[in-house]
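Asker: Spelled out from the first residue to the last, the chains are:
2 protein chains.
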Amino acid sequence: MAGEKEEVVLLSFWCSPFAMKARIALDEKGVPHEIREENLTEKSHLLLTMNPVHKKVPVLIHNGKPICESSLIVEYVDEVWTHEPQLLPSDPYLRAQARFWADLIDKKVFSTAWSVWFVKGGPKEGAKEELMETLKLLESELGEKAYFCGERFGYLDLSFFPYYLWIRQLEKTIETGLEVVIEAELPKLEGWMKRCMLRESVSASLPDLDKLRDYIRQLRKKKIDTQA
Amino acid sequence: MAGEKEEVVLLSFWCSPFAMKARIALDEKGVPHEIREENLTEKSHLLLTMNPVHKKVPVLIHNGKPICESSLIVEYVDEVWTHEPQLLPSDPYLRAQARFWADLIDKKVFSTAWSVWFVKGGPKEGAKEELMETLKLLESELGEKAYFCGERFGYLDLSFFPYYLWIRQLEKTIETGLEVVIEAELPKLEGWMKRCMLRESVSASLPDLDKLRDYIRQLRKKKIDTQA
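Those sequence lines, one after another, are chains A and B. Read in order, the letters of the first sequence are residues 27 to 254 in our numbering. Read in order, the letters of the second sequence are residues 27 to 254 in our numbering.
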């Protein structure tokens, strides 16, 4: 790719955990790119054209062609810009393992978080337990390693960090008693989160946390007002 | 891998559309493997050990190591046995596109089908329309091509075929009036389904359709009996 004029644009939203995954991946790989902030209540024509099926951020537009869905953007970035650091492991078995956990995170973490913090009258029955169960699986998968794939920050770290950040801020905004449980039962994830936050790629895409908590407060109000 | 003694076992269930994806992938690549049929009402110790998180088929056990989740199995098979036919396109953009549609199929097709055919008193409101909307997107993505990626059967075809087969058999078993709509509005998918069925890899993993309809009838009764 060296020497070629590349146009890399990311349609993003400042506190979207999905967009954050894509931003960290681009920064880790050192791919120069432009971030275009979307207004989610009045989506741009560009977003609607580039992601007509889901109409969601993030969308990576590479030389005019769109790639949608955050996990697929991360894989694409790793496949197109093949230089180090490699985000996914090169061994097929380790790749499958990383994809397995990323898939579990995508399917379970955020949707369960929703049923803990965005439900009128408090968490749905069993939701806190279900979330803790998934987080404990991830705590155990991390084990004594610095990052999920070993000594190096990679695909699974950047796939999980934005959700974990949200979970911690959700609890700080809407207290359900989970903070104490998380701190007591997930010491390894807590240490990992702090390590991740020291990385330049992560801190560069980190939203202002006060602003995020305000956003969470407003979003919750809006979601709860429409619940029966 | 030539010369090495490979042990490839697939934990399967005879009519599982997820297992069928893995079986077609193995057959397309010509990877010798053993199929072990699971009893889903009394899962084997091997299945519970190999897939402790989801406890579901299919699981590919390659030289003793498990790979879970059907789409991840297909990618793994394509990455380990790198000979032709290649199931995923080699171009990163086309790979991202194939993964995008496979992801949409995984997320929307089967779950929506559930709310059409497995609901007491008939389809949930809007479920038939939602399913048709997704199927029409796929009809349009197929367009005039023989297969989703062009002239060659590949990843997206084997990711979608088992679900489409199920949908057609669900409607033949539990009539909701969708058969006429499907035949009228999805002529390209119908032609594609027939083309897929002629392939050896597909016909070898095709369940007995009479038996499948019996299974659907029993499964529906069981699901409906537990609904409020």
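Any given hint might turn out to be false.
For chains that are exact copies, the list does not tell them apart, and a pair is met inside one copy or across any two.
[Stated by the list, open to error] Straight-line Cα separation of at most 27 Å, BS3-like style, residue types lysine-lysine; simulated pairs:
#1 K134 to K248
#2 K214 to K81
#3 K237 to K247
#4 K69 to K162
#5 K91 to K171
In case anyone wonders, no lab produced these hints; they're calculated from the structure. The structure displayed is predicted, hence computed values, not measured ones.
Asker: Starting from the hint list further up, note which numbers the structure goes against and sort them upward.
Answerer: none
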